[in-house]
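Q: Below are the chains, spelled out letter by letter.
Number of protein chains: 2
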Amino acid sequence: MDNYPQTELNVEDAASFLKIPVQQMKELIERKVLVPNWNEYQHLFRFERKSIRIDIGSVLVQKDDGFNLILGFPKIKRAMLLGPAIKFNFSDIKKIAVEEKMNGYNVRVILLDGKLIALTRKGYVCPYSSEKVNDLLDHSFFVENPQLVVYGEMVGPDNPYVPKGIYGIESLELFVFDIRQKDTGVPLPLYERRRLAEKYGFRQVRLFGEFSIQEAPSMIMNIIQEIGRKGHEGVVIKDPNMVLQPIKYTASQSNCSDLQHALKIYNESGRDFIFSRIVREGFQSVEWDENEEDFRKRCLRLGESILRPMKESIVHVREGGRVAEEFTIRVKDRATISKFEEYMRRLGMDIVFSEPKTVGDEYLVHMKKVSKSTSDKTLAMWEGQLWS
Amino acid sequence: MDNYPQTELNVEDAASFLKIPVQQMKELIERKVLVPNWNEYQHLFRFERKSIRIDIGSVLVQKDDGFNLILGFPKIKRAMLLGPAIKFNFSDIKKIAVEEKMNGYNVRVILLDGKLIALTRKGYVCPYSSEKVNDLLDHSFFVENPQLVVYGEMVGPDNPYVPKGIYGIESLELFVFDIRQKDTGVPLPLYERRRLAEKYGFRQVRLFGEFSIQEAPSMIMNIIQEIGRKGHEGVVIKDPNMVLQPIKYTASQSNCSDLQHALKIYNESGRDFIFSRIVREGFQSVEWDENEEDFRKRCLRLGESILRPMKESIVHVREGGRVAEEFTIRVKDRATISKFEEYMRRLGMDIVFSEPKTVGDEYLVHMKKVSKSTSDKTLAMWEGQLWS
Numbered sequence: 492m493d494n495y496p497q498t499e500l501n502v503e504d505a506a507s508f509l510k511i512p513v514q515q516m517k518e519l520i521e522r523k524v525l526v527p528n529w530n531e532y533q534h535l536f537r538f539e540r541k542s543i544r545i546d547i548g549s550v551l552v553q554k555d556d557g558f559n560l561i562l563g564f565p566k567i568k569r570a571m572l573l574g575p576a577i578k579f580n581f582s583d584i585k586k587i588a589v590e591e592k593m594n595g596y597n598v599r600v601i602l603l604d605g606k607l608i609a610l611t612r613k614g615y616v617c618p619y620s621s622e623k624v625n626d627l628l629d630h631s632f633f634v635e636n637p638q639l640v641v642y643g644e645m646v647g648p649d650n651p652y653v654p655k656g657i658y659g660i661e662s663l664e665l666f667v668f669d670i671r672q673k674d675t676g677v678p679l680p681l682y683e684r685r686r687l688a689e690k691y692g693f694r695q696v697r698l699f700g701e702f703s704i705q706e707a708p709s710m711i712m713n714i715i716q717e718i719g720r721k722g723h724e725g726v727v728i729k730d731p732n733m734v735l736q737p738i739k740y741t742a743s744q745s746n747c748s749d750l751q752h753a754l755k756i757y758n759e760s761g762r763d764f765i766f767s768r769i770v771r772e773g774f775q776s777v778e779w780d781e782n783e784e785d786f787r788k789r790c791l792r793l794g795e796s797i798l799r800p801m802k803e804s805i806v807h808v809r810e811g812g813r814v815a816e817e818f819t820i821r822v823k824d825r826a827t828i829s830k831f832e833e834y835m836r837r838l839g840m841d842i843v844f845s846e847p848k849t850v851g852d853e854y855l856v857h858m859k860k861v862s863k864s865t866s867d868k869t870l871a872m873w874e875g876q877l878w879s
Numbered sequence: 492m493d494n495y496p497q498t499e500l501n502v503e504d505a506a507s508f509l510k511i512p513v514q515q516m517k518e519l520i521e522r523k524v525l526v527p528n529w530n531e532y533q534h535l536f537r538f539e540r541k542s543i544r545i546d547i548g549s550v551l552v553q554k555d556d557g558f559n560l561i562l563g564f565p566k567i568k569r570a571m572l573l574g575p576a577i578k579f580n581f582s583d584i585k586k587i588a589v590e591e592k593m594n595g596y597n598v599r600v601i602l603l604d605g606k607l608i609a610l611t612r613k614g615y616v617c618p619y620s621s622e623k624v625n626d627l628l629d630h631s632f633f634v635e636n637p638q639l640v641v642y643g644e645m646v647g648p649d650n651p652y653v654p655k656g657i658y659g660i661e662s663l664e665l666f667v668f669d670i671r672q673k674d675t676g677v678p679l680p681l682y683e684r685r686r687l688a689e690k691y692g693f694r695q696v697r698l699f700g701e702f703s704i705q706e707a708p709s710m711i712m713n714i715i716q717e718i719g720r721k722g723h724e725g726v727v728i729k730d731p732n733m734v735l736q737p738i739k740y741t742a743s744q745s746n747c748s749d750l751q752h753a754l755k756i757y758n759e760s761g762r763d764f765i766f767s768r769i770v771r772e773g774f775q776s777v778e779w780d781e782n783e784e785d786f787r788k789r790c791l792r793l794g795e796s797i798l799r800p801m802k803e804s805i806v807h808v809r810e811g812g813r814v815a816e817e818f819t820i821r822v823k824d825r826a827t828i829s830k831f832e833e834y835m836r837r838l839g840m841d842i843v844f845s846e847p848k849t850v851g852d853e854y855l856v857h858m859k860k861v862s863k864s865t866s867d868k869t870l871a872m873w874e875g876q877l878w879s
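First to last, the sequence lines map onto chains A and B.
Per my numbering, residue 492 is the first one in the first sequence, and the count goes up by one each step.
Per my numbering, residue 492 is the first one in the second sequence, and the count goes up by one each step.
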């Protein structure tokens, strides 16, 4: 794996491109704020820490003829109370647009050396997602719009990060939710982006419509209830001109589904992750002015989301098992499997890959990621050790 | 408040008493491991940080004729699975004793300069608890047993820390759960301690009985279910000789009651506090092999414990209120009120005290502790700000 060309960052040119002093540029590298990727991607540099004005996950691409900066995913803040949040944050505009927030993982797609690559939220080149986007997206978009970056959600069951069967997708699809300029990160206005994506046949996140500020809270409540019934995640509320910051809001069922996943691997899961889902339920319950019966249903749903998966893990360990998450990937090029294995190893993930199984013209690989902390802690309890 | 005698710690004698080098003794003071108390208690030094072999909350008392060390409350570890934990931790003995774990706050009582004082878990002298124990405990115990320290739980509604009406107590009582030697912290064996406490008319935590290791898990399950029905807290399982470490275990209702309190002031509460209660429910549910109906009841109870208090706080703030905890204290000596006010202020607590109300020969004072973080955060949400 060492026969890829080593690339050194041209510090002076990079500094000039980012409009910062050379000395500062050197410090970004020394302090590992900016870190090169691996293998054939050593000319892609990830921003691993927050520094200067550039978000974590942004990627600096060094080309023969200069640089490009692919800006990270802007953090979308969350409404706890829909009505007040819409009123307060969108008071300057008349109408807001509501798009679906899907449950998958984020990638940014660019054309690099003749192929599409998918950059993850943190700025890595994911070999699996990269193979997929080459199949899913029309390359001519990138040839004809060299200054644009496609931001989208990878969704479906053949998903090494967030596998979900809730969208009726066979393997894995990319749903575009943003198109932004290279170097500046400026987004296309919503309708311009949707037209452009449609022109190239890209799948897009669903647009529920445009609503006045007054009607938006109750309309979105209806949308969220419908989304919840389907087990989908939520919405992103956007200024159609993409000038004001978008806001996200999720269905109770999605909060609970997050909890189910978290409590299965309870000892790995962040306390903050669990806490935040709980708090969302409290605020939603108040804002929607639920009657006692619906409130009790919400309480039961919350309680079951917490206890049922934990109970299953505890029983599983009692019966000699190890708590594990399972994933599937499906590729056309067998080489992608070993590339992805190496990639996971590099990221410090301890994952067991099955032998590839041929399905049509593709290979299916099962992956198993043991939750060591939850498995060990649970076993210790069965052996009679004390909690703390 | 400055006319109390200033006391300097006699470093050399203290070092010799603690059997450590003088240099180390000096460092304990410089690094604020050992810190003097206030006012008339400047000759009592608290261990504020873990150091050498002495637990946090231990108190070094400097007297004219030497020193005493009042050791802290030993941390009692928790069983997640009763059966395995009893088997593993008490395999060397034939029988274990089960005493009630009550829901209040811990104090250690000693006689000092002719009066009883109550030391809190952290080693402060609580003026309120001190007044109370002087009334509640027979002083002759301390005169006749100068080497012993009484460890107990302050329980009842007139309680500035953990007010509970669950025990049918009118004001505040002390329940002895441990008697230990000064300086060494060695505990009296369980029956010796109970006999001694009875002799002096002390109230004691309930002894449920002694059980063989084999029968203990199912017997304790029955006890815990009974305790849960009454809304009480749990049990401590002890080696009657007090040689092996005790183990605690609590009822589901008590875990849920903790959650109710925590979620009322959700933004103040530690994520770990919430997480640990949740995990206890998961393990208990598995070990008790609940049927689906009982399991759903547990899920509902958990969900309601989380959402109902949070909902009430959110509604309360919408209606212009501030989320607050309320407490009552009841004293004979009016001076105790101002002493306790000063004490709370010293501890950095922002508490509003009502005017004292005369009830019989006592004064009743209401205290209100506003949860600033929860109140502010909730209000910000109603104003339309975003979570993060």
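No lab work stands behind these hints: they were computed from the structure.
Since the structure is predicted, the reported quantities are computational estimates derived from the model, not experimental observations.
Any given hint could turn out to be false.
Identical chains blur together in the list; that is why a pair holds if it fits in one copy or across any two.
[What the hints assert, rightly or not] In silico DSSO-like cross-links for lysine-lysine, where the CA-CA straight-line distance does not exceed 30 Å:
(1) 586 - 859
(2) 868 - 566
(3) 868 - 585
(4) 606 - 568
(5) 613 - 586
(6) 863 - 578
(7) 690 - 863
(8) 863 - 673
(9) 848 - 566
Q: Each hint needs a verdict: does it hold in this structure or not?
A: Taking the hints in turn, this is what the structure says about them:
1. 586 - 859: neither (46 Å within a copy, 45 Å between copies)
2. 868 - 566: between (34 Å within a copy, 20 Å between copies)
3. 868 - 585: Answer is between; shortest inter-copy Cα gap is 28 Å, intra-copy 54 Å.
4. 606 - 568: Classified as neither; 33 Å inside a copy, 58 Å across copies.
5. 613 - 586: neither (33 Å within a copy, 57 Å between copies)
6. 863 - 578: Between copies, since 25 Å is at most 30 Å while 46 Å is not.
7. 690 - 863: neither (47 Å within a copy, 53 Å between copies)
8. 863 - 673: neither (40 Å within a copy, 44 Å between copies)
9. 848 - 566: Cα proximity of residue 848 and residue 566: none, with 38 Å in one copy and 54 Å across.
When the structure is compared with the earlier hints, violations turn up for hints 1, 4, 5, 7, 8, 9 and for no others.
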